[in-house]
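First to last, the protein sequences are chains B and W. Numbering follows UniProt numbering, in which position 175 of the first sequence is assigned residue number 175; successive positions increment by one, without gaps. Numbering follows UniProt numbering, in which position 138 of the second sequence is assigned residue number 138; successive positions increment by one, without gaps.
Treat the hints as calculated values from the structure; they're not laboratory data. Certain hints may be false.
Computed cross-link-like contacts, DSSO-like style, restricted to lysine-lysine with a CA-CA straight-line distance of at most 30 Å [what the hints assert, rightly or not]:
| id | chain 1 | residue 1 | chain 2 | residue 2 |
| --- | --- | --- | --- | --- |
| 1 | B | LYS199 | B | LYS153 |
| 2 | B | LYS123 | W | LYS37 |
| 3 | B | LYS120 | W | LYS120 |
| 4 | W | LYS38 | B | LYS147 |
| 5 | W | LYS199 | B | LYS123 |
| 6 | W | LYS94 | B | LYS41 |
| 7 | B | LYS94 | W | LYS94 |
| 8 | B | LYS41 | W | LYS199 |
| 9 | W | LYS37 | B | LYS218 |
| 10 | W | LYS153 | B | LYS48 |
| 11 | W | LYS123 | B | LYS147 |
| 12 | W | LYS120 | B | LYS37 |
| 13 | B | LYS147 | W | LYS37 |
| 14 | W | LYS41 | B | LYS153 |
| 15 | W | LYS38 | B | LYS123 |
There are 2 protein chains.
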Amino acid sequence: MVVNLYGFVGSTYTKRAAITLHEKQVPFIFHPIDYTKKEHKLPEHTAKHPFGQVPVLEDDGITVYESRAIARFIALKYSDQGLPLIPPISDLAKTAAFETAMQVENQQFDVWAARIVVEKLIKRLFNPDYEQNTALVDEAITTLNAKLDVFEKLLSEQAYLAGDEITLPDLNIIPLGVKLQEALGVDILENSHRPSVTKWWQRLTARPSWIAVQDGVKTVEKY
Amino acid sequence: MVVNLYGFVGSTYTKRAAITLHEKQVPFIFHPIDYTKKEHKLPEHTAKHPFGQVPVLEDDGITVYESRAIARFIALKYSDQGLPLIPPISDLAKTAAFETAMQVENQQFDVWAARIVVEKLIKRLFNPDYEQNTALVDEAITTLNAKLDVFEKLLSEQAYLAGDEITLPDLNIIPLGVKLQEALGVDILENSHRPSVTKWWQRLTARPSWIAVQDGVKTVEKY
Numbered sequence: 001m002v003v004n005l006y007g008f009v010g011s012t013y014t015k016r017a018a019i020t021l022h023e024k025q026v027p028f029i030f031h032p033i034d035y036t037k038k039e040h041k042l043p044e045h046t047a048k049h050p051f052g053q054v055p056v057l058e059d060d061g062i063t064v065y066e067s068r069a070i071a072r073f074i075a076l077k078y079s080d081q082g083l084p085l086i087p088p089i090s091d092l093a094k095t096a097a098f099e100t101a102m103q104v105e106n107q108q109f110d111v112w113a114a115r116i117v118v119e120k121l122i123k124r125l126f127n128p129d130y131e132q133n134t135a136l137v138d139e140a141i142t143t144l145n146a147k148l149d150v151f152e153k154l155l156s157e158q159a160y161l162a163g164d165e166i167t168l169p170d171l172n173i174i175p176l177g178v179k180l181q182e183a184l185g186v187d188i189l190e191n192s193h194r195p196s197v198t199k200w201w202q203r204l205t206a207r208p209s210w211i212a213v214q215d216g217v218k219t220v221e222k223y
Numbered sequence: 001m002v003v004n005l006y007g008f009v010g011s012t013y014t015k016r017a018a019i020t021l022h023e024k025q026v027p028f029i030f031h032p033i034d035y036t037k038k039e040h041k042l043p044e045h046t047a048k049h050p051f052g053q054v055p056v057l058e059d060d061g062i063t064v065y066e067s068r069a070i071a072r073f074i075a076l077k078y079s080d081q082g083l084p085l086i087p088p089i090s091d092l093a094k095t096a097a098f099e100t101a102m103q104v105e106n107q108q109f110d111v112w113a114a115r116i117v118v119e120k121l122i123k124r125l126f127n128p129d130y131e132q133n134t135a136l137v138d139e140a141i142t143t144l145n146a147k148l149d150v151f152e153k154l155l156s157e158q159a160y161l162a163g164d165e166i167t168l169p170d171l172n173i174i175p176l177g178v179k180l181q182e183a184l185g186v187d188i189l190e191n192s193h194r195p196s197v198t199k200w201w202q203r204l205t206a207r208p209s210w211i212a213v214q215d216g217v218k219t220v221e222k223y
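Start from the sequences and build out the full structure, keeping to the hints where you can.
Laid out in structure tokens, this is it:
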């Protein structure tokens, strides 16, 4: 039985899915989908991902798309191996903190960070003359800084987003966080005014799972 | 033991949390937080929700914030009552479809719908002179129409987002979907070109859980 991951080699979403496979020590074959050739819009690919995006996971006849869905699925299916990434439902307090942290990563960080990355990097990839919407970027930077001040408060009281153990939302944040620093050219996540965020971020980006995918996702035959 | 829901009576996010409480038949006391008086920024509230937003759930000493986290928590904790909203982890195929659908609601619908609602309605609430960013709204409408064409394909093959049974992502989409129609003044979700989306949407908005909260969330002492 082989796990197949389809994605664009440099995509933050593809890397998000791959980090979880690494943390759960699930070998996988990586199938590159070339965005520059619009391979993600070919019928062969949209049969797997109807919205024509990446990544897509195929595991024993089951297809999953959307990076956070893939990460959850991997963490649930392979719960007995690698790092535990989702607390057991029997622990309601940890489950509450985990589900909250999952949405904090998505709604409080990703929404604003993605806006900055899209305006400053992604739209230029497809149109080098694209002029960023400065007002939109400025609003997103201001909002994100306010959000990160709250992250600082949370992370001064606990080591990770859902408590003292690392869970999925910590991993989910890494690829876009790195891309955000590239887009901004300043270390918004490693800032002396936010020492707890800085320490947390340095711990995350030093993980072997991130090191393994940061320069591009590759097939892993075994662990 | 009492379940407390804190929220803004007309907020789509607060309604999202309340729908799940209704579907799971969990009685709750509703504590209104008045946005117009900035009560969500008072220390008493930010002690519960550090980002100073609504809704917040308190259940037996456990605090959860972010509407989708509250909905998941309620669905998990009260799994034995009301409508089943999350498939059992033992069913991997259903779990894969469910996790994918959770992200489809969030990433393929909410991101674009929220942009339209914020530009056309929310920013004007706080500043009646606000002039919407027309380019941003137009891009969101175009994108959302393309996404809904994919929804049409999916929903022509199955009754709900994760399969033939209703699950959390179907409920999660209702409040913003209704607000989106108000913002656009046209029935983007009830459109003769998308008959399957239309039927699905009509089934969802006819649910007693939505009827109960559509005009404002209220305390429910018992079911």
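Among the hints numbered above, which are violated by the structure, and what are their numbers in rising order?
2, 5, 9, 12, 15
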